[in-house]
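Those protein sequence lines, which keep their order, are chains H and Y.
Numbered according to the working numbering, the first sequence terminates at residue 141, and the numbering increases by one at each position without gaps.
Numbered according to the working numbering, the second sequence terminates at residue 123, and the numbering increases by one at each position without gaps.
Please note that the accuracy of each hint is not assured.
Stated by the list, open to error - Pairwise CB distance ranges (calculated):
id, chain 1, residue 1, chain 2, residue 2, range
1, Y, T22, H, D136, 36 to 44 angstroms
2, H, A135, Y, V63, 29 to 37 angstroms
3, H, T64, Y, V113, 36 to 44 angstroms
4, H, R60, Y, A118, 43 to 51 angstroms
5, Y, P123, H, A127, 33 to 41 angstroms
6, Y, I122, H, T31, 22 to 30 angstroms
7, Y, W94, H, I24, 18 to 26 angstroms
Stated by the list, open to error - Now the stretches of chain Y that chain H is said to cover, found in silico as 3 or more residues with beta-carbon under 8 angstroms:
id, segment
8, 23 to 35
9, 64 to 73
If you are wondering where the hints come from, they were derived from the structure by calculation, not from laboratory data.
Ideal Cβ placement from N, Cα and C applies to all residues, glycine included.
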Amino acid sequence: MRFVGLALLVAAGATVGTLLRASIELAFPHTPGEWPWATFAINVVGSFALGALIEALALRGPDTGRRRTLRLGVGTGVVGGFTTYSTFVVEIDQLAGAGQAAVAVAYGLVSIVLGVVAAAIGAGAVASAFGRREADGQGAA
Amino acid sequence: MILVLTALAGGLGGALRFLVDTGVQRGNRTSVPLGTIIVNATACLVLGFVTAYASAHFGSGDVRSILGVGLLGGYSTFSTASVEALGLLRKGRWLAAIVHAGGMLVVCIGASVLGLVAGAVIP
Chain H
1 MRFVGLALLV AAGATVGTLL RASIELAFPH TPGEWPWATF AINVVGSFAL
51 GALIEALALR GPDTGRRRTL RLGVGTGVVG GFTTYSTFVV EIDQLAGAGQ
101 AAVAVAYGLV SIVLGVVAAA IGAGAVASAF GRREADGQGA A
Chain Y
1 MILVLTALAG GLGGALRFLV DTGVQRGNRT SVPLGTIIVN ATACLVLGFV
51 TAYASAHFGS GDVRSILGVG LLGGYSTFST ASVEALGLLR KGRWLAAIVH
101 AGGMLVVCIG ASVLGLVAGA VIP
């Protein structure tokens, strides 16, 4: 697929991811002094999903053809558009501005650490499922 | 209607992220991924500006939703940052992973504060 086509694929995926995120943020609003649970959950769940997806694609083969299409459409597009860093950072600013400096620091650090842990759990779960399938002799196809 | 426009703006943001990330990574001579840091820092700079400017001029609401939640929310990304840090950890590059994740947070907070200040002082 050509570059413009790939960019459109990412755009389509990111539209879906943003729609999901915006709907969740609307359903679970928070005031500037509170822990932003909606964004927190979105970012941790998204990190888990992307960790699992990237591991699954990497185990199946090189980043070409259908695997590349899936990575860009679902990974870069849907999951990348679902999670957000800008809202996350402005929420840290707002917590600090609301006099909740300790909560602001905790929110930032816990989000980042749990994001990496979630990505590792996602990747690990896929790798162990893949390993079991290999051991069962079902192959990698 | 605003939700639909927000989603479409997020799609545009995602495509922009793909273009910027691809461009930055092509020119990146280091082994640490830099595209996502550039994407997230610029997103935070602009979101800080939009947040302060909108609240000083026309209140928040629709513009905040379409630009902030949509365009910039779809442009910036958290999941890729997590996976990039994990990739560095798996190579045993603990320091690079900590600098990557922590540095991104510090740079992005700085960028958003810069944007907030700029949005508040520009008439």
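Evaluation of the provided hints:
1. Y:T22 x H:D136: 36 to 44 angstroms: 39 angstroms, holds
2. H:A135 x Y:V63: 29 to 37 angstroms: Given about 55 angstroms between the Cβ atoms, the range is violated.
3. H:T64 x Y:V113: 36 to 44 angstroms: Once the Cβ atoms are compared, 42 angstroms apart, the range 36 to 44 angstroms for V113 of chain Y and T64 of chain H holds.
4. H:R60 x Y:A118: 43 to 51 angstroms: 46 angstroms, holds
5. Y:P123 x H:A127: 33 to 41 angstroms: Violated - the Cβ-Cβ distance for P123 of chain Y and A127 of chain H, about 56 angstroms, lies outside 33 to 41 angstroms.
6. Y:I122 x H:T31: 22 to 30 angstroms: Holds, at about 27 angstroms.
7. Y:W94 x H:I24: 18 to 26 angstroms: For I24 of chain H against W94 of chain Y, whose Cβ atoms are near 33 angstroms apart, the range 18 to 26 angstroms is violated.
8. 23 to 35: Three-residue rule not met by the segment 23 to 35 of chain Y, so violated; n is 0.
9. 64 to 73: holds (count 6)
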